[in-house]
Amino acid sequence: MSLEKIEVDALVVGSGIAGLQSALDLADQGYSVAIVERNPSIGGKMISLSKVFPTLDCASCITTPRMASVSHHPRITTLTYSTVDAIRREGKTFTAAITRKPRYIDEKECISCKRCEEVCPVFLPDEYEQGMGAKKTISIPFTNAIPQFPVMHPEHCIRCGACARACPKDCIDFLQEPAPVEIKAKAVILATGYETTPMTAKKQYGLGALPNVISPMAAERLLAPHGPYGRVLRPSDGMTPGSIAYVQCAGSRDKSIGIPYCSRVCCMYAIKQAILLSGSLPIADITIYYMDIRAFGKGYEQFYNNARAMGINFVKAKVARITEDENHNPVVRIEKQEGTSGPEEIKHELVILSQGLVPACDGSKFGLGAANNEFGFVKLSDETVSSAVTDGAGVFVAGTAKGPRDIPDSVVDAGSAAIEAASYIRRL
Amino acid sequence: MKVNPELIDEIKKYGAFDISACFNCGNCTAVCPLSKEDASFPRKLIRAGHVGMEEKVASALEPWHCYYCGECSATCPREAQPGEYMMALRRYLIAKYDITGLSKIFYKTGWLQAWLAAGLLAAFYWLYSSYTGDFGALAGKIELAFPVYVTIALGGYIINMYRHTIVKPLGGIKASLKPAHIYDTLVHGFTQKNFNGCEETDWTRWIAHLLVMSGYVLTLLISNLHLLSPLDKQYVAFGPVSLLVWYSGLAILVGGGIMSSRRVLKSAQSSKFSHPSDWLFVVTMFLIGASLLFTHFLNVAYGPGDPLLAKIYRLNIAIETVWIILIVPFTKWIHIFFRPLAVYFQHVRKEAEAGTAFSI
Ligand SMILES: Cc1cc2nc3c(=O)[nH]c(=O)nc-3n(C[C@H](O)[C@H](O)[C@H](O)COP(=O)(O)OP(=O)(O)OC[C@H]3O[C@@H](n4cnc5c(N)ncnc54)[C@H](O)[C@@H]3O)c2cc1C
Ligand code: SF4
Ligand code: SF4
Ligand code: SF4
Ligand code: SF4
Numbered sequence: 001m002s003l004e005k006i007e008v009d010a011l012v013v014g015s016g017i018a019g020l021q022s023a024l025d026l027a028d029q030g031y032s033v034a035i036v037e038r039n040p041s042i043g044g045k046m047i048s049l050s051k052v053f054p055t056l057d058c059a060s061c062i063t064t065p066r067m068a069s070v071s072h073h074p075r076i077t078t079l080t081y082s083t084v085d086a087i088r089r090e091g092k093t094f095t096a097a098i099t100r101k102p103r104y105i106d107e108k109e110c111i112s113c114k115r116c117e118e119v120c121p122v123f124l125p126d127e128y129e130q131g132m133g134a135k136k137t138i139s140i141p142f143t144n145a146i147p148q149f150p151v152m153h154p155e156h157c158i159r160c161g162a163c164a165r166a167c168p169k170d171c172i173d174f175l176q177e178p179a180p181v182e183i184k185a186k187a188v189i190l191a192t193g194y195e196t197t198p199m200t201a202k203k204q205y206g207l208g209a210l211p212n213v214i215s216p217m218a219a220e221r222l223l224a225p226h227g228p229y230g231r232v233l234r235p236s237d238g239m240t241p242g243s244i245a246y247v248q249c250a251g252s253r254d255k256s257i258g259i260p261y262c263s264r265v266c267c268m269y270a271i272k273q274a275i276l277l278s279g280s281l282p283i284a285d286i287t288i289y290y291m292d293i294r295a296f297g298k299g300y301e302q303f304y305n306n307a308r309a310m311g312i313n314f315v316k317a318k319v320a321r322i323t324e325d326e327n328h329n330p331v332v333r334i335e336k337q338e339g340t341s342g343p344e345e346i347k348h349e350l351v352i353l354s355q356g357l358v359p360a361c362d363g364s365k366f367g368l369g370a371a372n373n374e375f376g377f378v379k380l381s382d383e384t385v386s387s388a389v390t391d392g393a394g395v396f397v398a399g400t401a402k403g404p405r406d407i408p409d410s411v412v413d414a415g416s417a418a419i420e421a422a423s424y425i426r427r428l
Numbered sequence: 001m002k003v004n005p006e007l008i009d010e011i012k013k014y015g016a017f018d019i020s021a022c023f024n025c026g027n028c029t030a031v032c033p034l035s036k037e038d039a040s041f042p043r044k045l046i047r048a049g050h051v052g053m054e055e056k057v058a059s060a061l062e063p064w065h066c067y068y069c070g071e072c073s074a075t076c077p078r079e080a081q082p083g084e085y086m087m088a089l090r091r092y093l094i095a096k097y098d099i100t101g102l103s104k105i106f107y108k109t110g111w112l113q114a115w116l117a118a119g120l121l122a123a124f125y126w127l128y129s130s131y132t133g134d135f136g137a138l139a140g141k142i143e144l145a146f147p148v149y150v151t152i153a154l155g156g157y158i159i160n161m162y163r164h165t166i167v168k169p170l171g172g173i174k175a176s177l178k179p180a181h182i183y184d185t186l187v188h189g190f191t192q193k194n195f196n197g198c199e200e201t202d203w204t205r206w207i208a209h210l211l212v213m214s215g216y217v218l219t220l221l222i223s224n225l226h227l228l229s230p231l232d233k234q235y236v237a238f239g240p241v242s243l244l245v246w247y248s249g250l251a252i253l254v255g256g257g258i259m260s261s262r263r264v265l266k267s268a269q270s271s272k273f274s275h276p277s278d279w280l281f282v283v284t285m286f287l288i289g290a291s292l293l294f295t296h297f298l299n300v301a302y303g304p305g306d307p308l309l310a311k312i313y314r315l316n317i318a319i320e321t322v323w324i325i326l327i328v329p330f331t332k333w334i335h336i337f338f339r340p341l342a343v344y345f346q347h348v349r350k351e352a353e354a355g356t357a358f359s360i
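These protein sequences, in sequence, are chains B and L. At the far end of the first sequence sits residue 428, using our numbering, and the numbering has no gaps. At the far end of the second sequence sits residue 360, using our numbering, and the numbering has no gaps.
Mixed in with the good hints there might be a few duds.
[Unchecked claim] Result set (DSS-like, lysine-lysine): computed pairs, CA atoms no more than 25 Å apart in a straight line: (1) L/K350 / B/K336; (2) L/K311 / L/K141; (3) L/K36 / B/K203.
[Claimed, not checked] Covered stretches of chain L, as calculated for chain B (at least 3 residues, CB under 8 Å): (4) 40–48; (5) 67–78.
In case anyone wonders, no lab produced these hints; they're calculated from the structure. Where a beta carbon is used, it is the ideal one built from N, C-alpha and C, also for glycine.
Generate the whole structure from the sequences, applying the supplied hints.
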């Protein structure tokens, strides 16, 4: 297989809101950029959110235009479904070894007609919907995915050939192989983002085995306009939950699970989701169990006060344990601190764990001299001087790759990474 | 209410070095399997300590309801070691109830008590060895004096605990004469039953405790009732008294062995932090078991006239003397005695609240 070679000014790893923004900023200044994303679509976490705090703007309405600008930009090359295997520093340039994973379709021919998806007989849990909905073994990842190419999952495919027969362009290719790509760039921006702390992080919270204890990403999908059920239902039996609880700091500020830092966004997204829930389920009781509410940004305190005024119940208590009753109703155990304090067990019908943010990718593995901080996020060389410069020359960082932050902060960071990268390239 | 800003530093002298990290989240109280609506701990007591509510801490019964299972420390988001704090409170309270002031000195000065114990042991052994009269008869008298001393020592504690936890906060002498309450207290005293209330029952710890406790109570019985006179007659290897002795000695050795190996390996949360007095307690107990067994073995094997037996028996009595004087009133041993009392006082408080307590 021939090696595809790309030469650009800057390589951006990760296409979340931070990666998109820094790529756009650089390209608009006239630099050429390659953006590499391991998922089949660009957009990162933000594209799967419902609405965003504190304005309650629709998340995909903000993300989709940026994704489109990136994919149509004449100076940006987008590589999706591609992994960065290694980046080598050679003098003043970086050479990145990338592998394009096979989608098992011919991307040059595919016209995104979805015929293959329509005829495929095999259903899989849809990871974009956090496992709640179903998708076909060959399918376009989600409605507003960019690019609009289907991906086939050969491990589930029964080789029935229906997709190949249905495809009007004859582009199904069962024998497609991973393809190597080489990118040469003068600067690298790490925008590799975050993952949420796993459901199994805290033994006392049921290890992901309680069906009605769900992740906040799943809640985002339940609330999203194109969500898996089109409305808010609980997973175990499809009931509309009448009592919903948020467990704050479920994956942060907890030394017993090794994550002592505050994840900064979970108080706010819990409040946001609570507000959205009271919109879609007006009679539901919503409780937020918190240690303290960290609403620090512009307009955030107001947002929190609005939530209180709407009747969302804020209870100061760290949830110590979650169990369930025979109907899979989660039962949280807390110390009630008001009045006569004492341990108490409270039953809800749906519980959401406000998980924290952990690094999605070990940036130091590329050996570019960019070190990690003690929690595995990319470390800044001097926080007081720049919010994007790492210990590695020509290597910059943007967004949650350097630590938990919200979307506005990630966007600001991305701008600063783009500026730092541009001035570095110009000085070369 | 008076506030003592130095209170938390004072408590920290008894352990609980990490407690300032606590941010008052309540996780510990909610995970604690023994915390109840009417006796909620540890968070409330940590708070009371931090804000200097000395009287509240001094009158607290909750520390005695805690069986140190360590669940709270294992899950505390700040690693503030709340279980350790409860242990420190128990030491602090013992020091408070102790009229002699010795507990306070011992707890705060690490190994002093151990050195004192070693010195006393040497002194008593020397004293007993140089006694030229009938040592068997003397031993009988010494052993019969033990219960008297223990009663006086513990009596002081009871009165003071009562004063701090009932008389002061409730403003008078109150009691409960309900048979159910007295029965409950006795059951707790004999079985220390809350031990198994701990969430993940630590069977090894429980069995070790059971072995040591039963062995220890039997040893007390044997010595305080002066059941053994090894210098006067020879016992048969499997007679009733011998069986008692074999069991008690072995139970102490095996149980104590398990406990100390866990202390060394620090395998369980509850054994992660050891105060020197905890060691002193375990080691002395071990010595009692060993010397008792050895004495009895020499008697059974070589008869009452054996010269080594004479020495070992004196050593055995010397160790027991030190145990009674220095260990029983001033170490963790005393916890098993405060726990049922706390159960009883808790009942008294409830009765007092309901206005049904017996009062003067
Ligand atoms: C449930 C939830 C709700 C939230 N709601 C809000 C909100 O309402 N408002 C708000 O401001 N913030 C919110 N946030 C926070 C917000 O999601 C983040 O601030 C933002 O998405 C961070 O963007 P990012 O680009 O830094 O990271 P990401 O979105 O994680 O993007 C990183 C991208 O890099 C890719 N990647 C990682 N490693 C590699 C690699 N080695 N090679 C190639 N690609 C790689 C990933 O696949 C991903 O696409 C929420 C967070 C959660 C968990
Ligand atoms: S060949 Fe595989 S991917 Fe295509 S339709 Fe059949 S099962 Fe689906
Ligand atoms: S943002 Fe809120 S929920 Fe998240 S770690 Fe910080 S305090 Fe806890
Ligand atoms: S000791 Fe730990 S668990 Fe208990 S309240 Fe303090 S921080 Fe929370
Ligand atoms: S050590 Fe165990 S019994 Fe004591 S407070 Fe902690 S959890 Fe409760």
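To see whether the hints hold, each was checked on the structure:
Restraint check for L/K350 and B/K336: the C-alpha separation of about 21 Å stays at or below 25 Å, so the hint holds. A C-alpha spacing of about 18 Å is found between L/K311 and L/K141, which places the hinted pair at or below 25 Å, so the restraint holds. The hinted pair formed by L/K36 and B/K203 meets the criterion: a straight-line CA distance of about 23 Å does not exceed 25 Å. Check on the stretch 40–48 of chain L: 3 of its residues sit with their Cβ under 8 Å from a Cβ of chain B, so the three-residue criterion for coverage holds.
With a threshold of 8 Å between beta carbons, the proposed coverage of the stretch 67–78 of chain L by chain B holds, since 5 of its residues qualify and at least three are required.
The structure meets every hint from the earlier list without exception.
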